[in-house]
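S.K.: Below are the chains, spelled out letter by letter.
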Amino acid sequence: SQQGEEDPQALSIQEGENATMNCSYKTSINNLQWYRQNSGRGLVHLILIRSNEREKHSGRLRVTLDTSKKSSSLLITASRAADTASYFCATVQGGSEKLVFGKGTKLTVNP
Amino acid sequence: DAGVIQSPRHEVTEMGQEVTLRCKPISGHNSLFWYRQTMMRGLELLIYFNNNVPIDDSGMPEDRFSAKMPNASFSTLKIQPSEPRDSAVYFCASRETGLRNSPLHFGNGTRLTVT
Chain A
1064 SQQGEEDPQA LSIQEGENAT MNCSYKTSIN NLQWYRQNSG RGLVHLILIR SNEREKHSGR
1124 LRVTLDTSKK SSSLLITASR AADTASYFCA TVQGGSEKLV FGKGTKLTVN P
Chain B
-19 DAGVIQSPRH EVTEMGQEVT LRCKPISGHN SLFWYRQTMM RGLELLIYFN NNVPIDDSGM
41 PEDRFSAKMP NASFSTLKIQ PSEPRDSAVY FCASRETGLR NSPLHFGNGT RLTVT
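Listed in order, the protein sequences are those of chains A and B. The first sequence maps to residues 1064 to 1174 in the working numbering. The second sequence maps to residues -19 to 95 in the working numbering.
Hints listed in this document are in silico derivations from the structure and should not be mistaken for laboratory results. Among the hints, a few may not be true.
Simulated pairs of lysine-lysine, PhoX-like, Cα-Cα distance not exceeding 25 Å [said to hold, decoys possible]:
{"#": "1", "chain 1": "A", "residue 1": "Lys1119", "chain 2": "A", "residue 2": "Lys1133"}
{"#": "2", "chain 1": "B", "residue 1": "Lys58", "chain 2": "A", "residue 2": "Lys1169"}
{"#": "3", "chain 1": "A", "residue 1": "Lys1161", "chain 2": "B", "residue 2": "Lys48"}
{"#": "4", "chain 1": "A", "residue 1": "Lys1133", "chain 2": "A", "residue 2": "Lys1161"}
{"#": "5", "chain 1": "B", "residue 1": "Lys4", "chain 2": "A", "residue 2": "Lys1161"}
Output of the computed footprint for chain B on chain A, the stretches with three or more beta carbons under 8 Å from beta carbons of chain B [claimed, not checked]:
{"#": "6", "region": "1105 to 1113"}
{"#": "7", "region": "1160 to 1166"}
Among chain B residues calculated to face chain A with C-beta under 8 Å, some are [stated by the list, open to error]:
{"#": "8", "residue": "Gly8"}
{"#": "9", "residue": "Ser11"}
{"#": "10", "residue": "Gly22"}
{"#": "11", "residue": "Leu25"}
{"#": "12", "residue": "Tyr28"}
{"#": "13", "residue": "Val33"}
{"#": "14", "residue": "Asp36"}
{"#": "15", "residue": "Met40"}
{"#": "16", "residue": "Phe71"}
{"#": "17", "residue": "Asn81"}
{"#": "18", "residue": "Pro83"}
{"#": "19", "residue": "Phe86"}
{"#": "20", "residue": "Asn88"}
{"#": "21", "residue": "Gly89"}
No residue lacks a Cβ here, since even glycine has one placed at the ideal position from N, Cα and C.
Using the sequences and the hints, build the whole thing.
M.R.: As structure tokens, then:
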């Protein structure tokens, strides 16, 4: 079953605006990761947040994690046309090494 | 580092034919994962290996699918016989073994079309 579910499925914004994507999951996690996928390419790791962390920053990215609500959000500030891509959250199930992905949010940043 | 290398990038074949997808992980990465991506089902984990040993193949859809990792620098995913519903993008990814906090590094995928 899908562990991570992203919301919204698609998001269209203007350059310079902020983009927020959400992820919900079902079981306990060790960490939650966000990946980006450009059209026709493989996924690229963006940021990882551990289960004992609440917020993490990397450049224009900010990730939050609320383990009580089993949810995470990815904020991209001051978006650029080059941020146009699909964004996925992924979690490790239980004690395994299996990284399970949601279906992603397709972000379009219009110039 | 060249990253994870997959071949071919595109494969078009007829139903019933055998298809072999290839992957070279990043040197030093001893965990290797095969995923399949479709619009309907998203990214599905098919199988993963640690130190060339298959650990979990519960995602392999049917006996028509098989995967091998004969050495640390090469893995194959084989479909025999192929069917139209196997059409998808197949990704290989690798990471350092035993580090749950280490990210996956993906190849650029093989787009398979079965007619």
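S.K.: Would the hint on B/Asp36 be counted as holding, given a Cβ-Cβ threshold of 8 Å to chain A?
M.R.: Holds - the Cβ of B/Asp36 comes within 8 Å of chain A, reaching about 6 Å at its closest.
S.K.: Close enough to count: is the Cβ of B/Gly8 nearer than 8 Å to one in chain A?
M.R.: violated (17 Å)
S.K.: Is the interface hint for B/Asn88 satisfied, with its Cβ closer than 8 Å to some Cβ of chain A?
M.R.: holds (5 Å)
S.K.: Under the criterion of a CB-CB separation shorter than 8 Å, is B/Pro83 in contact with chain A as hinted?
M.R.: holds (3 Å)
S.K.: Once the shortest beta carbon distance from B/Tyr28 to chain A is found, is it less than 8 Å?
M.R.: At 7 Å from the nearest chain A Cβ, B/Tyr28 passes the 8 Å test, so the hint holds.
S.K.: Is it true that the CA of A/Lys1133 sits at most 25 Å from the CA of A/Lys1161?
M.R.: Cα-Cα ~18 Å, so holds.
S.K.: Verify the interface restraint on B/Phe71: the C-beta must sit less than 8 Å from at least one C-beta of chain A.
M.R.: With a minimum Cβ separation of about 6 Å from chain A (threshold 8 Å), the hint on B/Phe71 holds.
S.K.: Can you verify the interface hint for B/Gly89: is its Cβ closer than 8 Å to any Cβ in chain A?
M.R.: Since the shortest Cβ distance to chain A is 6 Å, the answer is holds.
S.K.: Given B/Leu25 as an interface hint, is the shortest Cβ-Cβ distance to chain A below 8 Å?
M.R.: holds (6 Å)
S.K.: Per the CB criterion, is B/Gly22 less than 8 Å away from chain A?
M.R.: holds (4 Å)
S.K.: Given the hinted pair A/Lys1119 and A/Lys1133, is their Cα-Cα distance within 25 Å?
M.R.: holds (16 Å)
S.K.: Grab the minimum C-beta distance from B/Met40 to chain A and call the hint holds if it beats 8 Å, violated otherwise.
M.R.: Interface hint status for B/Met40: violated (13 Å vs cutoff 8 Å).
Comparing the model with each earlier hint shows violations of hints 2, 8, 13 and 15; every other hint is respected.
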